[in-house]
Amino acid sequence: MSNPTDTDSGTGAVHPQPGDRITGAQALIRALELEGTEVIFGYPGGCILPAYDPLLDSSIRHVLVRHEQGAGHMAEGYAHTSGKPGVTMVTSGPAATNLVTPLMDAYMDSVPMVAITGQVGTAAIGSDAFQECDTVGITRSCTKHNELVMTADDLPMAVRQAFHIATTGRPGPTLVDVPKDVLQNQMTWHWPSDDEVLASLPGYRPNMKGHPRMVKEAAKMILQAERPVIYAGGGILKARAAEALAELVELTNIHVVTTLMARGAFPDSHELNLGMPGMHGNATAVTSMQKSDLLIALGSRFDDRITGKVDAFAPDAKVIHVDIDPAEQGKVRKPDVPIVGDCKLVIEDIVAEIKALLDKGATQADTSAWKSKISGWQEQFPMMYEPSEPGSALKPQFCIEQLRDAAPAGTIVASGVGQHQMYASQYWHFEEPYTWVNSGGLGTMGFSIPAAIGAKAANPDACVWAVDGDGCFQMTAQELVTATLENLPIKVALLNNSYLGMVRQWQEMFYDERYSEVFLDSAAVPDFVMWAESMGCVGIRVESPEEAAPAIEKANTINDRPVVIEFRTEAAEGVFPMVPAGQSNDDIILHPTQHDRKDALQ
Amino acid sequence: MTVHNNPGPLGTQTGPPVNHHILSVLVQNRPGVLARVAGLFARRGYNIFSLAVAPAEDEGQSRITIVVDVDSAPLEQIVKQLFKLIDVIKISELDPRRSVERELLIATVKAPADIRSEIQSLVDIFEAKIIAVSADVLTVSLEGHPDKLDDFEDLLDGYGIVELQRTGRVALPKLDRGVRLRALSTNPNHQTGKAG
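Just so you know, the protein sequences line up as chains A and B, in that order.
Per the numbering used here, residue 1 is the first one in the first sequence, and the count goes up by one each step.
Per the numbering used here, residue 1001 is the first one in the second sequence, and the count goes up by one each step.
Keep in mind that the hints are not guaranteed to be accurate.
Stated by the list, open to error - Derived, one-sided and incomplete: chain B residues facing chain A with beta-carbon distance under 8 Å:
id	residue
1	1039
2	1081
3	1084
What the hints contain is simulated information worked out from the structure, not anything from laboratory work.
Note that CB positions come from ideal geometry on N, CA and C, so glycine has one too.
Generate coordinates for the entire structure from the input sequences, incorporating the hints supplied.
In C-alpha cells:
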C-alpha cells in the first residue's frame, strides 16, 4: 500500500485552503476529517488504493477488518452506541457487494452510516473491467441515498451530502462511489457551506416539529384513555428521546413496552416498563397492547413481529403514531392521530400540552382497573424457564442471567440473530439507552461480533459482550482477529447448542419435529476454544452450571484481549412465549408450565 | 377525486380504467433518477400504467408523469414512498378533470389499395397524419388526449395494426381554472415533510 514506487503514492494528508490544488484522494480524506470521522472500518484494494495513502497521515483511526461485511457491521455498532455516523471504506467490485448485507441491515434498522467504495476509472465504467460492479445500482435499494462521483471537484459536496442525509430525518446508510481516477485527479479545494448543502438537496427537508393540532389531539386522547400503552420503538433511541419518554411516563403513569429495537430506551427496573412485546415478547407486554384502548406509538413501525396478524392486532385501540418518516404513517395500521416529526421534539410538545391541559383543570381518566389487570398478568405470567437438571446441559437463559448479574454497569450487549438474541433481549436488564445492539429488521446472522467490535471502538472503556450462537459465530468469527490486533477486546458469550436453534424450534413446533438441515454438530466441530485462541483470544468452555460464574468472572477481568466463553447449552430448549408467524397475538403460546392458565390473559 | 372516467364512444380497452391516478413528479435531473423511481415501484410492488420523462422548465430538473395503478397500493403510500427519494422535489396529483393531458401515437396499419381511402378518411376525421406510405401499409401519427388516441387505435385495429407505439401521457394543470394541482406535500392531513 505504501510502496514508494507506486504511482498512487505521494499524496499525503493535507489541510487545504480554499482554492488549493490537491488530489481527489486528499480531498476525500480531508472531507471525512471535517465531518468529524474518528474511525474508519475498512479494507483496501485496487480502486480505493489512492485514498489509503493520505489516510496514513490523517488523524482518522483505521480499523483493518478481515471481511468487508465485518466493516459494515462494525460501523453500525459504532454508530448505534455513539450516536455518530459509522464510516466504512472499501474497494470496488466484491468489496462493494460484501457491503450489501450491512447496508441493508442499517437501512432496515435506520442506522446512520456512510460507506465509501472505490470504483474502476471513469473511462472503464460499463466495460466489465476487473473488479467492476454497478455499486450504485446494486445498493440503490439498500441505502437511503447513494452517488457515483464523476469528478474530483464534486467529492467534498458528495461527502457532505452523504453525512447530512445519513444523520438527519430518519437516519440510514448512504454510499459514495468514487472511481479511481477521481481519487487521483487534481481538484480545487472547496468546502461547501451548510447552506450550499441544503440548496443542493431541494427535495430533502425532513420535518422535525409535529403538527400543533395533532399534538393537541394526542394530549387530549392520552388523558382520556382508560387502557393506554406506550409502544416505544427504536426511533426513541435514534432521536435521543429517552429522557423525553421518561418524562412522559412519569407525568402520565402509562405503561411502556420497549420493542426489540428499543430495549434500553426506558429502564427495565421501572415498574411501568412491561418489557418486550412481539413474537417472543412476554405475555403481559403482548396482551396489554392487544387489550389497550390507546396505543401511543413512538418511533415504532408496527412491524409484523410486533403486530402478528395485523387485522387482529389491538382491535379496540386508537392509535397515536409519532414517526419522522411520513411513509410509516398508515403503512400498516391507520393512525387516529398521525404526527410526523422528531420523536424527542414531539414527545416534549405532547408533555407540554398535557401539562397545559392539567393546569386548565383537565383530569386524567381512571386507569386503576387497567393497572390492576396488568399487575395480575405480571404475577401470573412472569418470564420463566425450567432450570437444568443436575448433570444435564446448561439452559441458555441461565447463561444470560449469569452474564447479566456479573456485568459491570454500562455494559453493552450486542447480539446475533436467533434464539440467543431473544434470550438476551428477554433476560438481560437494560437500564440505559444504547447498551443493546442487534439486527432487528434484517435479522442478520453473524451481526454480533463485528457490531460489538464497533461498539468497543466507540466505547473503549465499556465492557462489551457479544451474545452469539454457534451458527452466527461461524459466519463472522474471523473478525475476532481484528479485535485482537486492533486492541478492541470484546467478550463473546457463545451459546452452543449444536443447532440452528430458532429454525430447529420452528421445525419442532410446525413441521412435526422433522429436523431438516439444522444440526450443525458444533459440539464436535469446530473446537471453539482452540479457534478463539488461534485468533489471539482467551477461550473458555463451560459445560455445567457451576462453571458458569467463575468463567464469567475470569472473562470480566481480562481487558487486554478478547475472550470467548463457549457455553454448551440444551438443544431442546425453546423460546417462549411465542406468537406463531401470521397468527393473532391472542393466540400466544405460553411456556408449557403456564399454558393451563392462559384464560387469565382475557 | 381523480376518478378517471373514460367514456370513449368505442370503449376504453387500452385507456386507463378508473383506478389510475396521474402523478406529476418533479425530480432533480441526475444520473439514475429514473432508475430510482422505477426501482421503488418495482420493489414496493406498485404498478405503473404509463410513464413519460423529459426535462422540465427549470434547468437541472425533470418532470416524470406517471399513471399509477392504485389497485396495487394506496395512492397515499405510493406518494409518501416516492417522496422519500432524495432526488424527488415535488409530487402533484393531477385531477384529469382539471388538467390537460396529451399523448402521441404512431402506428403502422395494413392498407391495401381497396381500403386505403377508408383509412385516409379516418385519418382526416381524427386530424391525424400519414407520415409514411408503402404499397401495403401506412404509418400514421396522432397527438391528442389519450382518450382520443384510444378511439383512434380501436378503429385502426379493425384494419389490422402491424406495429404500434404510444408515448404514455404527459399532463399539466389547466390554466383557466387556476393551478388546481393538489400538491400532496402541502396537504396538512398528509403532514408534509420529506422523511428520510
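Here's how the hints hold up against the structure:
1. 1039: holds, 6 Å
2. 1081: Holds: closest Cβ of chain A sits about 5 Å from residue 1081/B, inside 8 Å.
3. 1084: Where the cut-off is 8 Å and the nearest Cβ of chain A is about 6 Å from residue 1084/B, the hint holds.
Figure legend: structure checked against the earlier numbered hints; every hint is met.
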